[in-house]
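Undergrad: In case you want the letters, here they are:
2 protein chains.
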Amino acid sequence: MTARDTEAEADARARACLTAVTPPGDLWLGAMLAEHGAARVWAELVAGAAPPHVTGEEEPGPDARARLRRRWDRWSAGAARVDPDALLADSAEAGVRFVAPGDPEWPGRLEQLDLPGGRRSHGLWVRGRGDLRNLCLRSVAVVGARAATSYGEHVASEMAYGLAERAVVVVSGGAYGIDGAAHRAANAVGSTVVVLACGLDVDYPRGHAGLFAAVARTGVLVSERPVGVAPRAPDFLIRNRLIAALTPGTVVVEAGRRSGALNTASHAAELNRVLMAVPGPVTSAMSVGCHLLLRDWQAGCVTCADDVVAQVAPLDERSPSSGPLRVRADLDRDSARVLEAVSSVGRGPAVIADSSGLPLDAAMRILGLLAAAGLVERCATGWRRPR
Amino acid sequence: MTARDTEAEADARARACLTAVTPPGDLWLGAMLAEHGAARVWAELVAGAAPPHVTGEEEPGPDARARLRRRWDRWSAGAARVDPDALLADSAEAGVRFVAPGDPEWPGRLEQLDLPGGRRSHGLWVRGRGDLRNLCLRSVAVVGARAATSYGEHVASEMAYGLAERAVVVVSGGAYGIDGAAHRAANAVGSTVVVLACGLDVDYPRGHAGLFAAVARTGVLVSERPVGVAPRAPDFLIRNRLIAALTPGTVVVEAGRRSGALNTASHAAELNRVLMAVPGPVTSAMSVGCHLLLRDWQAGCVTCADDVVAQVAPLDERSPSSGPLRVRADLDRDSARVLEAVSSVGRGPAVIADSSGLPLDAAMRILGLLAAAGLVERCATGWRRPR
Chain A
1 MTARDTEAEA DARARACLTA VTPPGDLWLG AMLAEHGAAR VWAELVAGAA PPHVTGEEEP
61 GPDARARLRR RWDRWSAGAA RVDPDALLAD SAEAGVRFVA PGDPEWPGRL EQLDLPGGRR
121 SHGLWVRGRG DLRNLCLRSV AVVGARAATS YGEHVASEMA YGLAERAVVV VSGGAYGIDG
181 AAHRAANAVG STVVVLACGL DVDYPRGHAG LFAAVARTGV LVSERPVGVA PRAPDFLIRN
241 RLIAALTPGT VVVEAGRRSG ALNTASHAAE LNRVLMAVPG PVTSAMSVGC HLLLRDWQAG
301 CVTCADDVVA QVAPLDERSP SSGPLRVRAD LDRDSARVLE AVSSVGRGPA VIADSSGLPL
361 DAAMRILGLL AAAGLVERCA TGWRRPR
Chain B
1001 MTARDTEAEA DARARACLTA VTPPGDLWLG AMLAEHGAAR VWAELVAGAA PPHVTGEEEP
1061 GPDARARLRR RWDRWSAGAA RVDPDALLAD SAEAGVRFVA PGDPEWPGRL EQLDLPGGRR
1121 SHGLWVRGRG DLRNLCLRSV AVVGARAATS YGEHVASEMA YGLAERAVVV VSGGAYGIDG
1181 AAHRAANAVG STVVVLACGL DVDYPRGHAG LFAAVARTGV LVSERPVGVA PRAPDFLIRN
1241 RLIAALTPGT VVVEAGRRSG ALNTASHAAE LNRVLMAVPG PVTSAMSVGC HLLLRDWQAG
1301 CVTCADDVVA QVAPLDERSP SSGPLRVRAD LDRDSARVLE AVSSVGRGPA VIADSSGLPL
1361 DAAMRILGLL AAAGLVERCA TGWRRPR
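Chain order of the listed sequences is A and B. Under my numbering, the letters of the first sequence match residues 1 to 387, in that order. Under my numbering, the letters of the second sequence match residues 1001 to 1387, in that order.
Among these hints, one or two may not hold up.
Between beta-carbon pairs, the in silico distance windows are [to be verified]:
| # | chain 1 | residue 1 | chain 2 | residue 2 | range |
| --- | --- | --- | --- | --- | --- |
| 1 | A | Ala285 | B | Asn1272 | 43 to 51 Å |
| 2 | A | Pro116 | B | Ala1188 | 56 to 64 Å |
| 3 | B | Trp1297 | A | Asp334 | 34 to 42 Å |
| 4 | B | Arg1217 | A | Ala285 | 34 to 42 Å |
| 5 | B | Ser1266 | A | Ala350 | 50 to 58 Å |
| 6 | B | Arg1081 | A | Trp297 | 52 to 60 Å |
Please keep in mind that the hints were generated in silico from the structure rather than gathered at the bench. Please read these numbers as outputs of a predicted model, since none were measured by experiment. Where a beta carbon is used, it is the ideal one built from N, C-alpha and C, also for glycine.
Sequences and hints are given; from them, build the entire structure.
TA: This is the structure:
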């Protein structure tokens, strides 16, 4: 293990501990981590030291300074009670791993939250056999009201099923109503990503425990909260930015005038994601939110999985409905080299490994991931680019 | 009666006769009328002469020339059988008057059909107590499928009722389904305009005879076909351009994938009118056309009368929902002068007449029309501009 590995491990461990005492997306903490590193911030918190100075910000007035200090002291008091080994052991026990920025499983798309003003994620708890980064490469968020109508649940199911059939991963919030219908249908064909506002062993809502267990078999559950933490109201709103950020596009299936799904929609718009809405009867209160998005030209109108794929796929890749969804930019260097080595006529894995300069086993693992993302496909002579 | 009046009367009479033997919107006839005047063209047809030459066009090849000649000869044979006095007497008997371009009742908005390539209207038959020009000033077309669902008819009724309450005249095609529901609801509160593809005494569809009679009491029925003419399939398509042209905006309430309402919609788009669509269940075949218009960003999403008024009203007049709908450009010179003389504080009619340079009775008549169009309103001290 190199010094750099050790440093990354210490950083991840500190970030995991921080999730136990700090709120997700805290802007001040984000700036502090960027400047001083998680290991140092955590150490200062545990030691009960003063908060490290964040440069480049305006000097806060005395009131603001006092508020920040109270926040820091609250975190510090919490940090004193965190046992890092126990936290990681409890998580592992519950089948939950921690993924920090920089980790191979960290979704590249979250980097957009690091832009100024963005409520960056300090780390993600992940449960399930899927690979979060790979699942998100070719994904769409399907969200909507908990108090969905049977129409809404029907449309969410059909759309999620169709997306899964086209190898698009459905990301949603695991709630009753639209979210549950979307996860359930997607999970029946492919994989799905559940983004929760509570610890991944909490199974909230309780009635979805079975669904979450089924999702974990091929997909993943994600949360910024550590195991054992019950959801609180504000967590749902900050969780929604994660749903929007993980995917290139968000579909609102049903939403009342003040639905939380509209909060996800506004995050998607802020992050320059493709925002889509499903129309419904104008007589239905649960379609009012969707129609507002359409009326004000904020969302594109989608009625089926094909519409969604057409809107999310970049212009130059529109024609094949199974084509990749804005994924190239997210590829790490090795994957990009392997993809480069695949041509439109089939080539064997040994040839591909050779021309990409990677060992055969690494190339084969990457080919599998690229295939899951729809970027390459198997053929009689090996692997090729899809038409 | 001046020479000019006589000339206009002869032109109108010739145009009325032409509607009996030529198809609405014929481009060649339009060019001929613009160059030679209706009276001369009609005289040549009756005399069995050769077609008058249309300048500015490429000389047609021998095939095209032969086709045009056959068309002309067909018209000429028809013209020989037309008795102008009987035509006008039969029309008057059926309560139908003829309105020619230049007539005070001619809707200003139709001038857009006179642009190059536009299938201009050669004249309109009108039945009913309303004034076609005034009714169209502040109007919206509400169209949709004949095979409408009960959802579609419900929405069409609600929307038309709401538009009529806001003093917006509903224009539609008088068919079963969406058209009928819209006319019926609008007529219950205000006035409506029925645009037919057949003679105005024909009552097609037969089941709407009662509705048409009710419409004629305050609104109007319009057609480019003279009395006694039964509708033929191509007439409906050419009629649709008239619906789109008469109004500043068209709402499609329900439309299947190949609905005639989409034909009206494409006319509206070509004429730069505001095109709107009502969403519906994505599971409904009768909403597919609407969703295609929304998906392809061709139409704005509207769910109620307020949405429609907001989309049709020009940007600078959006706030008052009873405000005028793009009418200023349609005003004749006298009306514009009267409007000019009205200020935001109330002024008496004598003052307004004086400052507009018109006789009092003319000014008062025009003030009534401007009020009907929502451009002026009564107040304690006379008339003023609405807030």
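Undergrad: The structure should be examined with respect to each hint, and the outcome stated for every one.
TA: Hint check:
1. Between Ala285 of chain A and Asn1272 of chain B, the C-beta spacing of about 35 Å breaks the proposed range 43 to 51 Å.
2. Between Pro116 of chain A and Ala1188 of chain B the Cβ separation comes to about 57 Å, which falls inside the hinted range of 56 to 64 Å.
3. Hint check: Trp1297 of chain B to Asp334 of chain A, Cβ distance near 40 Å, so the stated range 34 to 42 Å holds.
4. About 38 Å separates the C-beta atoms of Arg1217 of chain B and Ala285 of chain A, a value consistent with the hinted range of 34 to 42 Å.
5. Taken as a hint, the range 50 to 58 Å holds for the pair Ser1266 of chain B and Ala350 of chain A, whose Cβ atoms sit roughly 56 Å apart.
6. One distance hint, 52 to 60 Å for the beta-carbon pair Arg1081 of chain B and Trp297 of chain A, holds here, with the actual separation near 55 Å.
The earlier numbered hint that this structure contradicts is number 1, and it is the only one.
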